[in-house]
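Could you put the whole structure together from the sequences, leaning on the hints where they help?
Each chain, letter by letter, is given below.
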Amino acid sequence: MSVETPRTSEEPAGTQEMAAPAATAGSGPSALSRFLGGSATRNLGLVIALVILCVVGLATAGERFGSFDNALTILRLAAVVGVVSVGMTFVICGGGIDLSVGAIVALSSVWATTLATQTMAEDIHWIVMVLTALLVGGACGLVNGLLVAYGKVAPFIATLAMLASARGLAELIAQRRTQIVRDRSFIDFFGGSVIGIPVLVIIFAIVAALGWVLLNRTTFGRRTLAIGGNPEAARLAGIKVERQTAYLYVLLGLACGLAAVMLMARTTTGTSTHGQLLELDTIAAAVIGGTLLSGGRGTIVGTVLGVLIFTTLTNVFTLNNVDTSTQNVAKGVIIVAAVLLQQRLAARRRST
Amino acid sequence: MAGIVKRFPGVTALDGVDLDVLPGEVHCLLGQNGAGKSTLIKTLAGVHTPDEGTITWDGTEVTLGHPQAAMDMGIATMYQELDLVEGLTVAENVFLGHEKSRFGFSQRSAARAATRELLAGLGHPEISPTAEVGDLSAAGQQIVSMARALSRKARLIVMDEPSAVLDSGEVERLFDVIRQLTAQGVAVVYISHRLEEIRVIGDRVTVLKDGRTVATGLPAKETPTSEVIRLMTGRSIEYVFPERGTTPQDEPLLVVEGISRRGEFEDVSFSVRPGEVLGLAGLVGAGRSEIVETVFGARRADAGTVTVGGRRLRPGSVDSAVSAGVGLAPEERKSQALVLGDSVAHNISMATLTRFSLGGLIDRGAESEAAQELATSLELRPTGITREIRTLSGGNQQKVVLARWLLRGCRVLLLDEPTRGVDIGARSEIYALVRRLADDGVAVVVVSSEIEEVLGLSDRVLVVGDGQVLHEAPATELDEHQVLDIIMRGDAA
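If you're matching them up, the sequences are chains A and B in order.
Note that the first sequence covers residues 1 to 352 in full-length UniProt numbering.
Note that the second sequence covers residues 1 to 493 in full-length UniProt numbering.
The set of hints was computed from the structure by calculation and includes no laboratory data.
Bear in mind the structure is a predicted one, so any value in this text is a computation, not a measurement.
Careful: at least some of the hints might be erroneous.
A partial selection of chain B residues facing chain A, derived with a Cβ cut-off under 10 Å [to be verified]: (1) 334; (2) 346; (3) 364; (4) 368; (5) 369.
DEER-style ranges, computed between Cβ atoms [stated by the list, open to error]: (6) B:69 - A:153: 35 to 45 Å; (7) A:150 - B:128: 50 to 60 Å; (8) B:18 - A:161: 30 to 40 Å; (9) B:85 - A:60: 51 to 61 Å; (10) B:441 - A:217: 34 to 44 Å; (11) B:302 - A:123: 57 to 67 Å; (12) A:210 - B:386: 18 to 28 Å; (13) A:339 - B:58: 44 to 54 Å; (14) B:386 - A:345: 11 to 21 Å; (15) B:441 - A:339: 50 to 60 Å.
Glycine included, C-beta positions come from ideal geometry on N, C-alpha and C.
Written out as C-alpha cells, the structure is:
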C-alpha cells in the first residue's frame, strides 16, 4: 500500500525511535512463556488436566485406579494409539490429515498374520512378521502420499479412499476371520517387560522421543512445519514441498505398521477389525495436544499428553462402569472444548 | 465523503480524502497504484470503517458498518478482482445475498427471468442465466458482475477498472450501459488507468495521491493530460535513494531470452550484470510479477530461456533457480514468503537448512548465530530472532526475507515490490541494502509499482505494459512523467 505520511515533517529516524520502545514493552510480560517455547505453557495446561483426571479417578475408583498395575494398563493402551498419534502429528503439522490410519493398522495386522507370513516367520524369525507389517503400512502411506502430493488429491479424499479400500482388502485377505498369532516368542517379546515396564510402553517412549527429535531438531521437522505453515513460502524458498508431503504420509504409514505389530502382540491376533476409530482417537489426541489442524504448529509432548488424557479418561470411565456410548459422548464434548480453548489461547497470543 | 482517514497497522492508507458524487454523473477516480483508490472504494462499500471523516448520503450523514448496509442504501461495487462464486450459475450469482424467494424457497425461474432481462439490457443476451460462472470468459464474468450491481437497484455504482479485461467493442457496450444508467440518475464512480476512456465517459475527475485528494471536480473532457499526470506524480515526501556506483561492464550474469507465458506476457528479454540493479516499471497487471516469478521458476515459461552465469535453468523449477544462486522476495510477503507463526530465525534459515545440519540434525547454535549476525547487520528491529515473525513491521519482515537470501549467498536477487507496506524510515534502509548488495556484485532485479522507486533505485529500467517490454533506458535518462506517459500510451494500443 501507500507510504505512511506523517503530517508533521518528522524525520524518519523519529518514527523508528518511537517504534523501538513499543516493541520492547510488548515483549515484557510474555517473555517467560516465549522463552519456554510458547507451547510449554499450553502443555502445562494439559498436565494440569491430566492431574485433575487422576484425582477424579482416585476419588471415584480409589485403589482400583491408583494401583501400579492400572497405571501400566493405561500406558499399554495408550502405547498403540500413541505411536500412531506421533505420526499423525507430523502429517497434520505438514498441513494434511489421514483418515486411513485405522484401516492401515488392520491391513498390516492381517497381512503380517496370514498363514504364509507366519509360516515364513517360523522358518526364519518372527522379525519377518514385523517387517511385513511395516512394509504394508509404509506402502499404504506411500500411496496416500503420492496421491496427495503429486496427484493433488485433497488429503481428506485420498485417505478416505484408503480407509475404505485398506479395510476392504484386510477383510478379503482374512476372509473376515480372526487370525491367531502362533509364534510364542513374538508374543513373549512384545508382550513382555523390561525391568517392570512393558515393552509396548518402551516402544511408545522411543517413538515419542524420536518423533520429538525429528520434529524439533532436524531439517525434516523444520521443513514439515514450513510446508504446513505456508506451502507457497516454502516452495519459493526452494523446499521440495511435494516430496516432503509424501514422506510425511509414509512416516505415518510406518507408524501404523508398528502399531499393528503392537496390537498383534497385545491381542495375539491379526484381524480386519483392528484399529477401528483409531483415526478419531489419534486426530483428537493431536488436536487436544495443541496441533493446529491447519498445519504449521504442533508438539510431540502435547500429543503424548493428549493420548494419555484420552486413555486415562477411558480408564476412569470404565472403572466407574460408564458404558462406552456415554464415554463417546464425553469424548466428543472434550474434543470440542479443547479446540475452543485452543482458539482462545491462540487469539490472545496474537493480540499481545 | 469528506476528510476520510483510514489507518492500517503500520500504514495510513487514506489520509484525508474528499469525494463528492452527483446523481447522474460519471465521476472518475485517478491515482497511481497505492494511492488509496481501492481502500477508498472499500470504505464506500462498507468493507472498511473509516477512522475519521464523514460519509453523507442523500443529505444525511451515514455510517456504513458492513457491506450489507451500503448495499441496502443503494451503493453497489464491482471489484477489480471479481467476487463471483465460480461454481454457481449466472442467475445465482446475480442474486447472491438477496435471492428471490418466497417462504424460504428460492424462486429460481423468477431469478432466471430477471437475470435474462438484466443481461439483455447490458447487450449480452447470449449469456445464459443457467451457465456456470466459472465457464465464462473474464469479460463475461465482468458482465455478470455488472448485472449483479444493477439487480440491486443501486443508485451509485462503483466500478474498479471494469475495462481491464474487456476488448474495445465490449468497452463501447459498457459505455452505452453507463450512459443509460446515468440518464436514469444513477451515479457512477469509474476507476481506470486509461485516460482516453475517462475522456470519453467521464464527467468529473478526482485525483488521489498518497492517500489524499490532490484535486477534485476537474472537468474530465478538458483537463490536459499533462496536468493530470502532474497531479498523479510528484510526492510530498522525498525518498532517500543511495548513490549509484559505477556501472559495471562485466559479462551479464542473468540472461533472460524471449520468455513468454500465454495470457501473461510475451517475448520478454533482458540481462543483468553483476553489480547492476535493473528496474521493471509498470502498473499492476502489466505482467511484472509474472515475469520475475517465471525467471525464478515458480511459473513455467511457455517459451524462452533463463541462464545464470552461463548455466541454463530448468523451466518451472524453483529448485534449479535456487541452486544456481537466484533468490526471490515475492510480492505477497505474508502469503508467499513467510511462515508467519514461526520465528525470525527459522524464517531466515528456511532456504539454507542443509548448511546447518549434519545427518539431518540441525545445529541450532550455528543457525541462530548466523541469523543473529544478519539481524544485527540489517538492523532488524526488534533484534530478537526468537520472536514470531508476525509481530514485526512490514519493513522488518522484508529484511528477514532479504536476510534469507543473503544467508544463502545469492548471486541474483529478484525483488518484487520490496517496499510494499513498508514505512518510510525502513524504506531508505531497504534501498541502501539493495545498493550495498549490488556493490557486492549481486545482480538485482527490482519490480515496483512506484515509478519513482524504480527510477531512484535502478541503474537501468524496463517499462512493462500489457505483458510486453515497451521501453528500455538508463534510469538517469527517464523521469516519472515519461514513464507514465509510455505506460498510458502503451495501454491504449
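Hints violated by the structure (listed by number, smallest first): 4, 5, 7, 8
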